[in-house]
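Enquirer: Using the sequences and the hints given, assemble the complete structure.
These protein sequence lines map, in sequence, to chains A and B.
According to the numbering used here, the first sequence is numbered sequentially starting from 184.
According to the numbering used here, the second sequence is numbered sequentially starting from 30.
Rather than coming from a laboratory, the hints here were simulated on the basis of the structure.
Each hint can be trusted.
Below 20 Å or equal to it, Euclidean Cα-Cα: the simulated SDA-like pairs (lysine to any residue) are:
#1 LYS324(B) to ALA412(B)
#2 LYS489(B) to GLU222(A)
#3 LYS423(B) to ASP413(B)
#4 LYS362(A) to ASP417(B)
#5 LYS380(A) to ARG344(A)
#6 LYS362(A) to GLY425(B)
#7 LYS362(A) to LEU40(B)
#8 LYS423(B) to ASP238(A)
#9 LYS496(B) to TYR216(A)
#10 LYS196(B) to GLN208(B)
#11 LYS326(A) to GLN73(B)
#12 LYS362(A) to SER479(B)
#13 LYS362(A) to ILE36(B)
#14 LYS442(B) to ALA223(A)
#15 LYS362(A) to ARG428(B)
#16 LYS123(B) to ASP152(B)
#17 LYS489(B) to PRO221(A)
#18 LYS326(A) to ALA287(A)
#19 LYS328(A) to VAL299(A)
#20 LYS328(A) to GLU395(B)
#21 LYS416(B) to LEU275(A)
#22 LYS405(B) to THR77(B)
#23 LYS379(B) to ASN357(B)
#24 LYS123(B) to THR113(B)
#25 LYS207(B) to VAL192(B)
#26 LYS442(B) to PRO486(B)
#27 LYS405(B) to ARG76(B)
#28 LYS380(A) to LYS54(B)
If you want a taste of the chain A side facing chain B, the calculated C-beta under 10 Å gives, among others:
#29 ASP197
#30 THR225
#31 CYS226
#32 CYS319
#33 GLU351
#34 SER367
#35 ALA369
#36 ALA371
#37 ARG372
From the three backbone atoms N, C-alpha and C, an ideal C-beta is built for every residue, glycine too.
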Amino acid sequence: MPSVVSLFVTCIVDQLFPKVGMAMADVLGRIGYDIDFPEAQTCCGQPAFNSGYRDEARNVAEHFLRVFRESEYIIVPSGSCTSMITHHFRELLPDNAEVGRIEAKTWEFSRFLLEVAKVEDLGARMACIATYHDSCHALRELKIKSGPRRLLSHVQGLDLREMDTAEECCGFGGTFSVKFAEVSGAMARGKIDSIKKTGASVVVSIDSSCLMQLQGALHRAQLPIRTMHLAEVLAAR
Amino acid sequence: MEETRTIPGALSNERLQLAIYASTKRLMDHRSGAITPELLGDYQELRTQANALKKHTIDNLDYYLEMVEERVTAHGGKVVFCETGVEVSDFILKLAKERGARLIVKSKSMTTEEIDLNERLEDHGLQAVETDLGEYIIQLIGDTPFHIVAPALHLTRYEVADVFQEKLGVEKETVPEKQTMIARAVLREKFLAADIGITGANFVVANSGAVVVVENEGNARLSSSAPRIHIAIAGIEKLIPRAQDLGVFLKLLGRSATGQPLTSYTSFLSGPRRGDEIDGPEEFYLVLLDNGRTKLLENPDRRQSLYCIRCGACLNHCPVYRKIGGHNYPWVYSGPIGAIITPQFHGVSKDPWLPFASSLCGACAEVCPVKIDIPKLLLDLRADVTKDKEQKGKSGSERLAFRMFAWMMRRPKAYAMAGRIGALFAPQGSPWISRVPWYMNLAPIRAWLSQRDLPPPPPKSFRRMWKER
Numbered sequence: 184m185p186s187v188v189s190l191f192v193t194c195i196v197d198q199l200f201p202k203v204g205m206a207m208a209d210v211l212g213r214i215g216y217d218i219d220f221p222e223a224q225t226c227c228g229q230p231a232f233n234s235g236y237r238d239e240a241r242n243v244a245e246h247f248l249r250v251f252r253e254s255e256y257i258i259v260p261s262g263s264c265t266s267m268i269t270h271h272f273r274e275l276l277p278d279n280a281e282v283g284r285i286e287a288k289t290w291e292f293s294r295f296l297l298e299v300a301k302v303e304d305l306g307a308r309m310a311c312i313a314t315y316h317d318s319c320h321a322l323r324e325l326k327i328k329s330g331p332r333r334l335l336s337h338v339q340g341l342d343l344r345e346m347d348t349a350e351e352c353c354g355f356g357g358t359f360s361v362k363f364a365e366v367s368g369a370m371a372r373g374k375i376d377s378i379k380k381t382g383a384s385v386v387v388s389i390d391s392s393c394l395m396q397l398q399g400a401l402h403r404a405q406l407p408i409r410t411m412h413l414a415e416v417l418a419a420r
Numbered sequence: 030m031e032e033t034r035t036i037p038g039a040l041s042n043e044r045l046q047l048a049i050y051a052s053t054k055r056l057m058d059h060r061s062g063a064i065t066p067e068l069l070g071d072y073q074e075l076r077t078q079a080n081a082l083k084k085h086t087i088d089n090l091d092y093y094l095e096m097v098e099e100r101v102t103a104h105g106g107k108v109v110f111c112e113t114g115v116e117v118s119d120f121i122l123k124l125a126k127e128r129g130a131r132l133i134v135k136s137k138s139m140t141t142e143e144i145d146l147n148e149r150l151e152d153h154g155l156q157a158v159e160t161d162l163g164e165y166i167i168q169l170i171g172d173t174p175f176h177i178v179a180p181a182l183h184l185t186r187y188e189v190a191d192v193f194q195e196k197l198g199v200e201k202e203t204v205p206e207k208q209t210m211i212a213r214a215v216l217r218e219k220f221l222a223a224d225i226g227i228t229g230a231n232f233v234v235a236n237s238g239a240v241v242v243v244e245n246e247g248n249a250r251l252s253s254s255a256p257r258i259h260i261a262i263a264g265i266e267k268l269i270p271r272a273q274d275l276g277v278f279l280k281l282l283g284r285s286a287t288g289q290p291l292t293s294y295t296s297f298l299s300g301p302r303r304g305d306e307i308d309g310p311e312e313f314y315l316v317l318l319d320n321g322r323t324k325l326l327e328n329p330d331r332r333q334s335l336y337c338i339r340c341g342a343c344l345n346h347c348p349v350y351r352k353i354g355g356h357n358y359p360w361v362y363s364g365p366i367g368a369i370i371t372p373q374f375h376g377v378s379k380d381p382w383l384p385f386a387s388s389l390c391g392a393c394a395e396v397c398p399v400k401i402d403i404p405k406l407l408l409d410l411r412a413d414v415t416k417d418k419e420q421k422g423k424s425g426s427e428r429l430a431f432r433m434f435a436w437m438m439r440r441p442k443a444y445a446m447a448g449r450i451g452a453l454f455a456p457q458g459s460p461w462i463s464r465v466p467w468y469m470n471l472a473p474i475r476a477w478l479s480q481r482d483l484p485p486p487p488p489k490s491f492r493r494m495w496k497e498r
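Expert: Rendered as structure tokens:
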């Protein structure tokens, strides 16, 4: 078992949802890890990559490789950013040997808990009805489906209810959310209809970007439903 | 029907939204019910095989094209290679003139939609009647296919009732079965009177020279057998090497499209009537169309776009298609497959927005029976767009923004500073914000706020909280 893990909190968590990063550090600390936060970290480069700016994305990816070169385990509170690192860096940097090493040591948070730390019950307590949103890159690129649900099943007081469109996209899609704002908004509202049907008061996911989209639309619709990152739920006492 | 042709029009049309949602949901449910491990245990293995077979065929297309020409000729048919749509219509017009043909019946074919065949023929006084029910309905109102498999998916039975009443002069009839009988009565006369039948092809089997057509209405079978002349029109990518490969593709096609293990009719059409046969056409032509396909062959990474068997599953599962519908794509091929092939056929300059009209959710690739990596191709095409000379001038501010992004993300101190400055000027307080001060009223923020609220920046970034903990 490793003793030190490095956090890559992602730019969106760093700048907009710092509590998610703190919760992740808290959960990892509780199960005995020392936490390392390489301060030179910024972003994985996905915004540029998904917008077609490969040279710009490559520059950011190279920076990432330098920052995390010495890390043994890199833990990421996002399926999408993890997938950028483990599935797309190699397209940007096909000849860079460091990419393979980074891929092998980068872990999405929930998968790290289950497959490396091998814990399912984090001793969390939260009384609520919750529903889980499968974020697309976690589901389809990383094949993460049952893991987060297993972790949630151990949260005392939490009643997990599946929505009928758990696997449907929330409509965020990075710059898609502003380039095709009306379509993106319509997708979010469709998702919200199915969240409402579950009676949940909390929507949980492992990607803060999806949750920003959903919370933004929930708030606009003045619905008393809040979104929480899985790390925040697992840190709840 | 014009409201279907703008994105806001489609989104705000509740009737249309319901029609798309209900139809695609039904197709999705049927598909997932047909590929369960109990019913089709080797589904994933079949996808892998289908992908490998298509790859092999496309990589060796010249070889198989020669083979199919030889086999079709041996059966007494004729293969006509056409580079463009104009060549196809010229061929048909010349043949019709020589044979004195006036009426053509057509079964459903996206390839002929792609080259506007009906319009070209009609311009020269030749009538081509669509005989697939959905195609017939949209032909009556001069519409274009809304979906690769279900061309009239956007119309409810009540609208179809209006169309039949107006165009055929019949009593208003809203029961789908009875509507079918109305169309059947009209079309039966056309089948009997037609001189030429045109079909598409789902597969063209190289080693037997057979054209394989799958359908549920029997109209393709009639189109190919009742008239004296049968012309099958297929894109060159429709080839498969051997008849036994159909064991893979037929298992996947019906299930992916409509959830059917097999469609009601699967026709193997190979050549004209032989001496001892009692039915079948007297003449058989297989038109193999390029129309830009060889251009896609040039790039080995992009060739997989030609593996498509036109099942429509990617459309049904695409959350964007399900909102904007088929008429907001620039070409006859809509949905995710349209978004990757249209820019490759027409060049990325023509509709540069198209590869960006996706949240990259990957649902399309997950259901594609031949495993086309659609999200990867969308990403590659996006990179093409940003490199395209014509676009470079237009997207100056975005280009600059991403240059600055890359510059900043390599400089942690500048990044942290930018975050602090941003947080200082952003509105604070209320849980989520629905408007921003004038100096933050930039186009992307406006676009975001047009649909949903924004989180205000927290008092401290993670890096500060971590430092001060």
